[in-house]
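Place chain E on chain P using the hints.
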Amino acid sequence: MANRVLIGNKSASASPGTNYGYGMYVSKAGKDVLTCGRKELLFDSSQGTGASGFIYAEGQQSSLSSALNFLTTNSKDALGYIPLVIHAEDMQQSHNWTWSAGNQTEEYYSTRMDLIKTTASTITPIKMGYGANACLPSDGRRTSNTDVGLGSSQACTNIGFAVLKIPCAYGYMNSTYFEETD
Amino acid sequence: MANRILIGNRATGGYGLYVSKSGEDVATCNKSDLYFWTENEESGSNFVGHGPLQVVPISGGATSAPVESATINISSSSTASLSFQDLVADGDDVLIMSGSAHPTSNSGIGDQQGIKFTSPSATGATANRTYSGTGGTFTVFVFKRLNDGAALT
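Those protein sequences? They're chains P and E, same order as listed.
Using my numbering, the first residue of the first sequence is number 1, and each one after it goes up by one.
Using my numbering, the first residue of the second sequence is number 1, and each one after it goes up by one.
So here's chain P without its partners, still in its complex pose (with noise of 0.2 angstroms):
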């Protein structure tokens, strides 16, 4: 059985990498957690946070319209970054739509109407906008079977979401939030 847990100095000589040094580290089943290289290891101390895809909050609701504050349970500080957050919801689909107005004829599309802006402690359900010059996106979404040709409704259901120790805005993404040294 090989060496799966270390708690101490992983030597950067005896593994392919530089800038280990003491911390925690756990391999894959089969891998030597002493002389591996970082892509072998399950867990790894030495890595900047935003390198890891650990879970920093995550949550569920049954609908949501408005901004949700992910940090508000208890003392959950303030990443001080805008993070990545991954989501699941009702709304997995995209959207086409043409009209015609005049001589012209217009068209609207979208490859996913899941859509959610997140700052640093919200997110918010929004949609995109259509016709010339409004295709910004804005807050909430489609509900009206008379807007842009809804089938049905797009209101934001049954969302599942993730909060990753992920930097994910301008400014942000880079090596000291990374640290990446392989």
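Please note that the accuracy of each hint is not assured.
Said to hold, decoys possible - Residues from chain E that keep clear of chain P, each with C-beta distances beyond 12 angstroms, as calculated:
| hint | residue |
| --- | --- |
| 1 | T71 |
| 2 | D92 |
| 3 | A122 |
Stated by the list, open to error - Below 30 angstroms or equal to it, Euclidean Cα-Cα: the simulated BS3-like pairs (lysine-lysine) are:
| hint | chain 1 | residue 1 | chain 2 | residue 2 |
| --- | --- | --- | --- | --- |
| 4 | E | K31 | E | K144 |
| 5 | P | K28 | E | K31 |
| 6 | P | K117 | P | K127 |
| 7 | P | K117 | E | K144 |
None of these hints come from the bench; they were simulated from the model.
Glycine is no exception: its CB is placed at the ideal position from the N, C-alpha and C atoms.
The following block gives chain E in isolation, referenced to the frame of chain P:
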């Protein structure tokens, strides 16, 4: 060098395993500076959870290589079954995500193509068309998640 690993009693968090990020004292740093921690200092059901993001294999994973995605076809039928390995307590503990190849051109209301999942259990869920008129083929991933604080106490 800062203290990086604590196995024992932390002033905020109690007994557990804690690992801080580089340069942060594991005993006193903010939670946002912890790389890993086992304490559950939260209540409620909407915002808990921590640990690595983990894919639930569709099959395999223990004694054979994991199959990490499934292909769901709801073109000819409006529903289909999705099965995955039993790594969670119940159906509220999975996050099921999907994607599909979209056409480059089409028009009309009939092109609302999507999938949603109902009746999730610890080992599967039912895939449904989000819009009854249009089916499609989707690639699906399942992630493990924690539903509430009870799983951590």
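Closest CB of chain P to the CB of A122 of chain E still more than 12 angstroms away
Holds, since 15 angstroms exceeds 12 angstroms.
With 12 angstroms as the threshold, tell me whether T71 of chain E passes as away from chain P on beta-carbon distances.
For T71 of chain E, whose nearest Cβ neighbour in chain P is about 15 angstroms away, the distance exceeds 12 angstroms, so it holds.
With the threshold set at 30 angstroms, check whether the alpha-carbon distance from K31 of chain E to K144 of chain E stays at or below it.
22 angstroms, holds
For D92 of chain E, is the shortest CB-to-CB distance to chain P above 12 angstroms, so the non-interface label stands?
7 angstroms, violated
Restraint status (C-alpha distance of K117 of chain P to K144 of chain E at most 30 angstroms):
23 angstroms, holds
Holds or violated: K117 of chain P with K127 of chain P, Cα cutoff 30 angstroms?
OK: K117 of chain P and K127 of chain P at ~9 angstroms, within 30 angstroms.
Holds or violated: K28 of chain P with K31 of chain E, Cα cutoff 30 angstroms?
27 angstroms, holds
Checked against the numbered hints above, the structure violates only hint 2.
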